[in-house]
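From first to last, the protein sequence lines are chains A and B.
Just so we're aligned, residue 1 is where the first sequence starts under this note's numbering, counting upward by one.
Just so we're aligned, residue 1001 is where the second sequence starts under this note's numbering, counting upward by one.
Think of the hints as simulated: they come from the structure by calculation, not from any bench.
Note that the coordinates shown come from a computational prediction; the quantities given were computed from them, not determined experimentally.
Be aware that one or more of the hints could be misleading.
[Unchecked claim] Computed footprint of chain A on chain B; a stretch qualifies when at least three of its residues, placed anywhere within it, have a C-beta under 8 Å from a C-beta of chain A: (1) 1117-1130; (2) 1149-1155; (3) 1169-1179.
[Unchecked claim] Computed from the model, here is a short list of chain A residues facing chain B with C-beta under 8 Å: (4) LEU8; (5) ILE9; (6) PRO10; (7) TYR13; (8) HIS17; (9) LEU18; (10) SER41; (11) THR43.
C-beta atoms are modelled at their ideal positions from N, C-alpha and C, and glycine is treated no differently.
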Amino acid sequence: MSEHEFNLIPPGYRERHLRRRGLLRYAATSAAILLGLGATSMTLGYATRHTEARIGELQAQQSISDGQRAQLVDLSEQRDRLAGEWQLLQGLRGGNHADEIVRLVGNTIVPGEVWLTDLRMRRVGVVNEDEDDPVAAARALVDVDSSEVLRWSAVTAIAARGQALNHAMLSGLAERMLSVPAIDSVHVERASLGELRVNGERVVDFELAITLRSPLES
Amino acid sequence: MKIDPQRAFSFVRSDRFGPIGIELALERLHMVQVRNTATGPRIHACASLPVDVQQDALLQRPDALRELIRDGRRSHGFHGDQAVAAMPASQIRVMPVSYQRRDAQSDGAAIAALLRERLGDELDHLVADYMPVQVLRESGGERLALVAVSRREAVLNFLDGLTGAGLDATALEIGPIAIRRLVEVLLRDLPPQNTLILNCGRHKSFVTLIADNRLLADDELEFGEETLLQALETELELERPLVEQVVRDANLDKTALGNSRDAAAESNRALIQILRPQLNRLVEDLQRHLLYASSESTGARLSRVYLLGSFARWAGSDRLLESLLGVPVGTMPNPVALFSDTGFEAGPELAVATGLALKAA
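Please model the entire structure based on the sequences and the hints provided.
Written out as structure tokens, the structure is:
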């Protein structure tokens, strides 16, 4: 008699159960994977948003830093400008004495040949745009509103008006002035024959622009 | 040194663990799992859990059964999900069926045809399987089988309870088959013998008859522990708790009594006298079964009776039955103790579950 395995489980029941269990496990696994993916996605989304927010914060901080840096540069420039102005003011305050200047200029005058009718002095700050052109510097005006950092220097400028018997005597005056070490430059601003006559000859009216070395080097 | 890869990597093989044997008895759920080792099967886990619900009600509620099994699995360290269960005895009818095969017809087909002939459409509502017993007359081709039938609904509910608990039920057997498997292992080294197992319940008992490792019969007897307790209640005129106390203190072993005249011995003799009418009826049934076993087995052989269940727990019950029956009677060896190195406390009541667990996965 053949061996028979007793089993009361109805045919197909176990297969159906195993198939159903397999499907349930598949569904559960799929659900778990989807859940995991969802959770990961949410986590990554949160992390991304958090990182973006952090980047935004850092960028804001960075822009603040840029602003601060620009402000610092401005302040630095302002400090430099104020320092220059302070130096200028110090120079202007501590300039050459007027009597010395009059004496220097007066020593170059030859009585009967040339005489001064007006002598004006000014202590001014000039921008040294062209170091090789001290005359231009002497003419420059102080522009305190400029944002550029300029090199300032204090200059004693003298505007002298007078008359000479002739142009040669005026020329001699200019040469004598230039020979004085304290005088930095002499420029004839105007020279023309005037109305005044001496010995029937018309005298030369002139204007000179003189700059002195500061302080005076005598 | 030679390494046997099969043994070396046995720890990764799931088949080291047998299926979980599950028996739903009247008042308890028994679960046993064995682990196959080089020295034979060893108990891995076992549990005997009280069932608070009536068995019938439990079988109609797969969810309650599912929770019960889940609890057992969780709390006792069972491994894996394969299970071999026994359909509760109350839901099974086992009957001997003689049949003939026609032409190349299989045993199963012949029995199915016979059942269809006898039961008609009712068979559609039943689940049935058979155990071949023997060929009665070789020339005529008449054969005998034990056929077990159960209501399909009860089977499906029971299976749903098992599968709902996360188990994969690989087989659904009946108690006697599990007992036969256990006896086969227990008596492996003994000469062939006819074995009768008397499983005593509260109200009824079951006789399982095995010869040549064949299940010859599985019958229900109108004998139970209750029958004996009621007789004592009536004769002693005592309340049930007192009767139970008397039984716990008693020893029914007549040979142990000897000629002693002390009060305990006299009391035990009185108990035996009270129980004798019920026991005589039982003995007659057992003798009839043993006679049948002798007629169905070839050659002279010993017969042996094993006791299981409630009456087996009465002290000296095996010796008393042996004296009445005239063949060796013993209580079923504790299967858990036999297959375990550690001290599992559960005892002979786990015999069916152990037999189920011994089924190769």
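(request) Sort out which numbered hints this structure fails and list those numbers smallest first. (result) 10, 11
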